[in-house]
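Undergrad: The residues making up each chain are set out below.
There are 4 protein chains.
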Amino acid sequence: MLIQLQTDISADLHEKLCEKIQQFGFKIHEVKTQSGKYIICNGKVEIDIRAIGGLQGIKDIHYVSDEYKLVSRQWRVKDTEIDVGSGVKIGRNNLSIMAGPCAIEGRQNILDTIEHLKKNNLRILRGGVFKPRSSPYSFRGVGIEGLKELYQLCHENGIKIVTEVMQVSQVVEMFDYVDIFQVGARNSQNFNLLDALGEAGKPVLLKRGLSGTIEELLYSAEYIFSAGNEKIILCERGIRTYEHAYRNTFDINAIPILKEKTHLPVVADTSHGVGIRRFVAPIALAAVMAGADGILLEVHKTPEEAMSDGQQTLYFEEAEMLYKKMSEVYNLR
Amino acid sequence: MLIQLQTDISADLHEKLCEKIQQFGFKIHEVKTQSGKYIICNGKVEIDIRAIGGLQGIKDIHYVSDEYKLVSRQWRVKDTEIDVGSGVKIGRNNLSIMAGPCAIEGRQNILDTIEHLKKNNLRILRGGVFKPRSSPYSFRGVGIEGLKELYQLCHENGIKIVTEVMQVSQVVEMFDYVDIFQVGARNSQNFNLLDALGEAGKPVLLKRGLSGTIEELLYSAEYIFSAGNEKIILCERGIRTYEHAYRNTFDINAIPILKEKTHLPVVADTSHGVGIRRFVAPIALAAVMAGADGILLEVHKTPEEAMSDGQQTLYFEEAEMLYKKMSEVYNLR
Amino acid sequence: MLIQLQTDISADLHEKLCEKIQQFGFKIHEVKTQSGKYIICNGKVEIDIRAIGGLQGIKDIHYVSDEYKLVSRQWRVKDTEIDVGSGVKIGRNNLSIMAGPCAIEGRQNILDTIEHLKKNNLRILRGGVFKPRSSPYSFRGVGIEGLKELYQLCHENGIKIVTEVMQVSQVVEMFDYVDIFQVGARNSQNFNLLDALGEAGKPVLLKRGLSGTIEELLYSAEYIFSAGNEKIILCERGIRTYEHAYRNTFDINAIPILKEKTHLPVVADTSHGVGIRRFVAPIALAAVMAGADGILLEVHKTPEEAMSDGQQTLYFEEAEMLYKKMSEVYNLR
Amino acid sequence: MLIQLQTDISADLHEKLCEKIQQFGFKIHEVKTQSGKYIICNGKVEIDIRAIGGLQGIKDIHYVSDEYKLVSRQWRVKDTEIDVGSGVKIGRNNLSIMAGPCAIEGRQNILDTIEHLKKNNLRILRGGVFKPRSSPYSFRGVGIEGLKELYQLCHENGIKIVTEVMQVSQVVEMFDYVDIFQVGARNSQNFNLLDALGEAGKPVLLKRGLSGTIEELLYSAEYIFSAGNEKIILCERGIRTYEHAYRNTFDINAIPILKEKTHLPVVADTSHGVGIRRFVAPIALAAVMAGADGILLEVHKTPEEAMSDGQQTLYFEEAEMLYKKMSEVYNLR
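Chains as they are written, first to last, in my numbering: chain H, 4 to 336; chain V, 4 to 336; chain U, 4 to 336; chain B, 4 to 336.
Just chain H, with the same shape it has in the complex:
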């Protein structure tokens, strides 16, 4: 059971309410986010929900059978829209295209990408400054100084940034220079990081684990929400299967299933989802057709010279045709 409180509920009333619910036999978990106050009630207690619904200070009360209660669509039927600021919104009636290089490479690379985005009326740049790499000897990104430069250039041009955060200590370090924190597939169940991002309050783009289940993704989102942050975007990015004809198996089924199970926006990273340049476009279009609220795309002026993952990165020209087509598909839905 999930109780949404009135945000101006008095401390006294709040306390009494909690006591009463506990008397029913529920174990309660209180949550306060940017925009709401909630009480999660766990326990196999059967009560007439109306017995509580009428109490003062309660805005709404719902029976939620899912164990990931706050992110469940069982209580919030309407799609959540995430406000990233400056008029940039994700979810509900928006198709959000986030494009950029796999890894930020430096000033020229940033300027090229910004120009490309502006030309195509895109508002969100994706690109890693801290790169998780299997081998300790690989390039690990331009780091915090690179991020500052990225932020400055983007900020001047009205472009928002989504970039990966890899550990708790980076949350504070990066806070002023990102618009959306990205949690990568390898950190999808880094619960301490999820807690910290919940407390930080900025929008979070949460990727599904390398072989994470749909349910685990929703639980990870519940971590963030229950720690205080409602601004969560889920991202399907392909899963690990026996098939090695491509990089990952893009799980198209996950798109409509997530859209049914949660009110949060669901986007697709089809660059990683297939991992081979010439198949990124059809998969991206398919993802939009299946209901995705947005697409993450790796683009580069000269992918063959990109510092990482060039083989799944689109040329600017290819990407432009795809943006146009994605809008057509979105409008057909």
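Misleading hints may appear alongside valid ones.
Treat identical chains as interchangeable: a pair holds within one or across any two.
What the hints assert, rightly or not - Derived lysine to any residue pairs resembling SDA-like cross-links, with alpha carbons at most 25 Å apart:
#1 30 / 109
#2 23 / 51
#3 328 / 97
#4 327 / 78
#5 47 / 307
#6 81 / 57
#7 92 / 78
#8 121 / 309
#9 30 / 312
#10 19 / 63
#11 23 / 171
#12 328 / 82
#13 328 / 98
#14 40 / 138
#15 19 / 326
#16 40 / 314
#17 19 / 89
#18 328 / 96
Simulated from the structure, these hints should not be mistaken for lab results.
Given chain H, work out where chains V, U and B should sit, using these hints.
TA: The following block gives chains V, U and B in isolation, referenced to the frame of chain H:
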């Protein structure tokens, strides 16, 4: 290397040609289909392809690095169109929708389905008469007598039939009553059956194995083609992964990859590909968007009463909306 | 519910019994094997089992919740021992080692293998004469004539043969020349073949599918048993996973789980289960330690010259050390 | 190429050496651990290794084709033995059994476990104080205070502790109270944590990811080693596959493969590897037979009352029989 011969090549010239190629050091494999004569040349011999190309009796000659040579797009660049008869065609510029019950249940069920197809201008009915079932105690289908009834009713109404063949001896038994033989996922590497269907010559719809690779599917198609039958339709139907939130993981990546690797038509069985009724439509639309030449759909007047797999079967009304939408998506491509 | 009848039950009594059980509301499925008569009773009927147990003609009656009833250990608690003839037995207190080349190559190869087996007191030779191959252009085995030669030489030397049967028509063709029919991984759910082998009555070694579940393997065994043949040996041979550091993931968990769920012997093909020669021995020893009743091993005098799968084939000398060690491990159990 | 320096090499000589190697065209990466100094030389340079080998200050030089160079057996042929202190050693000629509850529950639970370990001459207690949980509403462990109590009681009894660390900030917090830091499956590619543990220097037990490859595990170990810590124990704990008859698929193949590829000790967590109590013993014995240097076991006085994962936890009595049997199997190897 793949050599396509002129179909009217004289026996004498044919023999001399083979000798010559073998003298180069190739191991040859001769293939004769409904519409062509081919020589597959295997071996790590490097020759100037023009040295052979000019010989009499040769229609065309190609260097094909894929080991599945006949089904490879490396030599036949144009999409293959399969003629099922009576104006029904699959592949190239056709979107083929094949709909019907999971298992044929009897006369009334057949009549309902035919009426539904005709109302929607569809020409191909899918439905099993021999059903592969994990347990020996489950319903195994209405069998050959049911097929005969199905054929008669479809034939009278201009409807073509695609239905599963499970073993070699059924190829002859079923031959006069099917338009397209379906090879199910469990028989995707039943090589004797593939050989027999190659010899039979009727169109074959070949499903990918439960955990078959894309390459294995192409090899299985090569079995059929090299045994004499060019009329092959490939079918993606979902693969087995760790995720159990749905029945199978529909491998959307496989659609554009197969379309690149082979000239054969590629269709999608999204009923099995996700296995849950309310997600079949978005996945089917995504599959069309990604490049599929057709969709197999389980439909039923009253799915809750269907003899098998009702939970992935669409109501006729749901299906009708989907057909319309699929056409729109196809036209947008 | 499973009822075992007395084998000398009169036709009249038999019929009455069936009627009575059906009157209770069960759907019955009658099974007659080499050594027993059974009635499988399906249905959600709750009866006092003693009401039937006392009836004439009934040898035994069991409540079996598993849907694979005949192969379940719920009714036959004791390990089944399979008599292959000439004193060769599999299961219960026997460790069965079956060794030989991947594919039978010809007379000398047979003679070498027989000599190797006799030197090590082994009684069962494994080796394919019909080979399932992904590509139609690969070597498909020496065929029926090769099998006849194999049989003659083995027969003279007191050696039993286990070899793969790929289709229904081969069951009759091969019958007189094999001691154990092997069903390969790709045919693990070729239900017509399973039925035919059930009727044939000779011992069957049934491999798990490429990505078959433990439950599906038991169901496939149930096909054979319910078609009349109790002589079934199950074989774990590795499953398909995302890990490609080796050929297949040998599912060691499956060994004790199968041993718990069924009374049938369970053997392990560790040559395919790992697919790399130098890891075959430790995995084989682990499989014995985990409870396997036997091991299939690919061995060859000169694996580097073997016609197929040489890289997972042991040299005779390596194999000899392994046989000895396996016995020690078996005795330690 | 990997160069091991003499530990007392002069700063001057060291610098000159690095310069010289870079002049050859290598990119170098310097590593200093508790017991050694190394230069990792990356680059496709071909040199006569003897040209460097004779230089002053070099202890040893090896050509290492693996990209995980420091953990590779290509240069350190002998098994590494890890000294945990107080005579407790892991690897080489030791069979290390680490047993305890899934989660530490409190004083009585600790005392019971210590008594059990001492009775069986075991020296290492496993048990979580910080528990990674899919749901934010689950019990997350007794935390740092619980760890302190655990440490005090173990310390008094000569028992070493292995327990999971979940984030960088905990490394310092936990440092004085653990003997071996465990990195859980979900953090197997938490590269910042790996770096921090490399710098900390205490022994690390590194688990394979939920669907991590063998290669990724070795790369993760390389992170720790290259950050300064040679004391690494690898742990196979089952992988995620399509089979759901048990919790994870214990990858027995990984044991001999890891033992071949690395000089580090390899242990097996068979409690998680199969996840069902009655199959833990055969799998643990199989793992030892396949070459494991140790086993992690969940044991509890009363598993049915355990705070988490009771169904994969052995009763003390069951565990005792298993310890004895494991020793016998180890001696047979």
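Undergrad: Which numbered conditions among the earlier hints are violated in the structure presented, ordered from lowest to highest?
TA: 4, 11, 15, 16, 17
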